[in-house]
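Construct the entire structure; sequences and hints are all you get.
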Amino acid sequence: MTKADNRLIKHTVHQLLELQSGKLWMGDNFNKKLDSITEEQAFIKPLPSLHSVAELVAHITAWNEDLILKIKNGVGQLDFTDEPNWPANNWLKELGWNEIRKRYEDSVSEIVNLLKEKEDTFLNERYYDQDFDGEFEYSFAVDGILHHIIYHLGQIGIVIKLVCVTV
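In terms of my numbering, the sequence shown opens at residue 13 and continues consecutively.
It should be emphasised that the hints constitute simulated quantities derived from the structure, not laboratory data.
As the structure is a prediction and not an experimental result, all values here were calculated from the model.
Virtual Cβ for every residue (Gly too), placed ideally from N, Cα, C.
Keep in mind that the hints are not guaranteed to be accurate.
[Said to hold, decoys possible] Listed next, the in silico DSS-like pairs over lysine-lysine satisfying Cα-Cα at most 30 Å (straight line):
hint : residue 1 : residue 2
1    : Lys35     : Lys45
2    : Lys22     : Lys173
3    : Lys44     : Lys57
4    : Lys173    : Lys44
5    : Lys22     : Lys45
6    : Lys173    : Lys84
7    : Lys105    : Lys128
8    : Lys57     : Lys128
9    : Lys128    : Lys22
10   : Lys57     : Lys22
11   : Lys114    : Lys128
12   : Lys57     : Lys114
[Stated by the list, open to error] Label pairs and their computed distance ranges (CB to CB):
hint : residue 1 : residue 2 : range
13   : Thr93     : Leu62     : 15 to 25 Å
14   : Asn85     : Gly39     : 30 to 40 Å
15   : Thr93     : Pro60     : 14 to 24 Å
Take a look at the structure:
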């Protein structure tokens with residue numbers, strides 16, 4: 013297989029980019045959703061049991077960054093129990109909404125750039141997954157990050173609706 017024939021990688025990159033700023037069949041993309049709220053609204057938890065938009069974005073970023081490590085080194089570091097998995101809202105407020113968004117956008121860009129350098133055969137290579145305590149094909153992690161982003165994009169939409177109703 014030649015690099016020019018990396019249809020699966022190209023498709024994955026396309027999906028990642030569409031989720032950020034494209035036209036989605038399922039609703040608004042990340043940029044449209046995040047642009048629809050103020051910095052103050054980004055940190056509101058509409059219910060004690062729900063995360064703020066900032067917490068959700070930081071959580072996605074943490075796992076994006078873990079995928080970056082997996083792609084670069086063959087193993088990640090993040091564990092479900094680690095604080096970066098769900099950073100505290102107060103800490104995130106200190107960091108600021110613009111920085112949280114920038115880190116998220118940078119993590120997506122880095123994943124895209126790393127994947128663009130790969131051939132489809134990369135998806136069949138194996139890495140060690142610390143959370144599942146075993147070796148898996150990269151397709152598991154790459155598909156997983158897409159699923160993760162889509163899942164939390166839906167949550168972000170719900171939180172935004174609740175925040176905008178309660179403000």
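Right, here's what the structure says about each hint:
no.: 1; hint: Lys35 - Lys45; verdict: 12 Å, holds
no.: 2; hint: Lys22 - Lys173; verdict: 33 Å, violated
no.: 3; hint: Lys44 - Lys57; verdict: 20 Å, holds
no.: 4; hint: Lys173 - Lys44; verdict: 13 Å, holds
no.: 5; hint: Lys22 - Lys45; verdict: 25 Å, holds
no.: 6; hint: Lys173 - Lys84; verdict: 37 Å, violated
no.: 7; hint: Lys105 - Lys128; verdict: 34 Å, violated
no.: 8; hint: Lys57 - Lys128; verdict: 37 Å, violated
no.: 9; hint: Lys128 - Lys22; verdict: 7 Å, holds
no.: 10; hint: Lys57 - Lys22; verdict: 37 Å, violated
no.: 11; hint: Lys114 - Lys128; verdict: 21 Å, holds
no.: 12; hint: Lys57 - Lys114; verdict: 21 Å, holds
no.: 13; hint: Thr93 - Leu62: 15 to 25 Å; verdict: 20 Å, holds
no.: 14; hint: Asn85 - Gly39: 30 to 40 Å; verdict: 35 Å, holds
no.: 15; hint: Thr93 - Pro60: 14 to 24 Å; verdict: 21 Å, holds
Comparing the model with each earlier hint shows violations of hints 2, 6, 7, 8 and 10; every other hint is respected.
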